[in-house]
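Engineer: Sequence:
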Amino acid sequence: MPCNLNFNQCNSFINFPVPIFNCWCRLVNLLNSSTVTIINPVVVVSNAAFVATAQTIAAGGNLVVSLASSTGTTITTDGAGNITLPTGRYLITSSINGIIPTNGVASFALYQNGVQIASSVSQTSGTSGANYTTTMNDVVVVSNGSDTISLRNTNTVAQTINNASIFIQKLS
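Okay, so the sequence shown: first residue is 0 according to numbering that gives the first Met the number 0, each after it adds one.
None of these hints come from the bench; they were simulated from the model.
Just so you know, these numbers come straight off a predicted model, no measurement behind them.
Where is the CB? At the ideal position from N, CA and C, for every residue including glycine.
Mixed in with the good hints, there may be bad ones.
As the list claims (entries may be wrong) - Pairwise CB distance ranges, derived in the manner of DEER restraints:
1) Thr52 to Asn112: 19 to 29 Å
2) Thr134 to Thr52: 14 to 24 Å
3) Val140 to Gly103: 13 to 23 Å
The task is simple: from the sequences and hints, build the whole structure.
Structural biologist: Structure, rendered in structure tokens:
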């Protein structure tokens, strides 16, 4: 049936030459007769921020961090650079400020349960002894209970950092 787009009345009786039905009226009737309730999903804000002070990280070693702040989360660290994440999907952002080592390359990557996450490698080159800042972002999925995440020195030599931070935000 045609719809009266003037929204000025709810007519359901016969009008000459054809019945006129108001769309608004149909919508109101539909909503009033429906037993379906639409509720927005509850979104829980969950994040954690970690910081690291000046340290020298051995080749293949973890960046040691401490928890600076967290909100609505059970993300923890063991004090040796291992961060435990419960089941979920996380955005991990890190920033490292350090000194270029003797081989002229500073290189870091995220590891999940001891396995390097290939998309997370961050590498910069320069003159030995020069300062650098590097960042990385990656999404990590934890599907079975909990996983251990670490940020490691992927260089073949020790690296000295001035400071670093890791921010983890639960996406779902």
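Engineer: State for each hint whether it applies.
Structural biologist: Quick rundown of the hints versus the structure:
Separation of Thr52 from Asn112 is about 26 Å and conforms to the stated range, judged on CB atoms against 19 to 29 Å. Separation of Thr134 from Thr52 is about 18 Å and conforms to the stated range, judged on CB atoms against 14 to 24 Å. Roughly 34 Å separates the CB atoms of Val140 and Gly103, a value that falls outside the hinted 13 to 23 Å.
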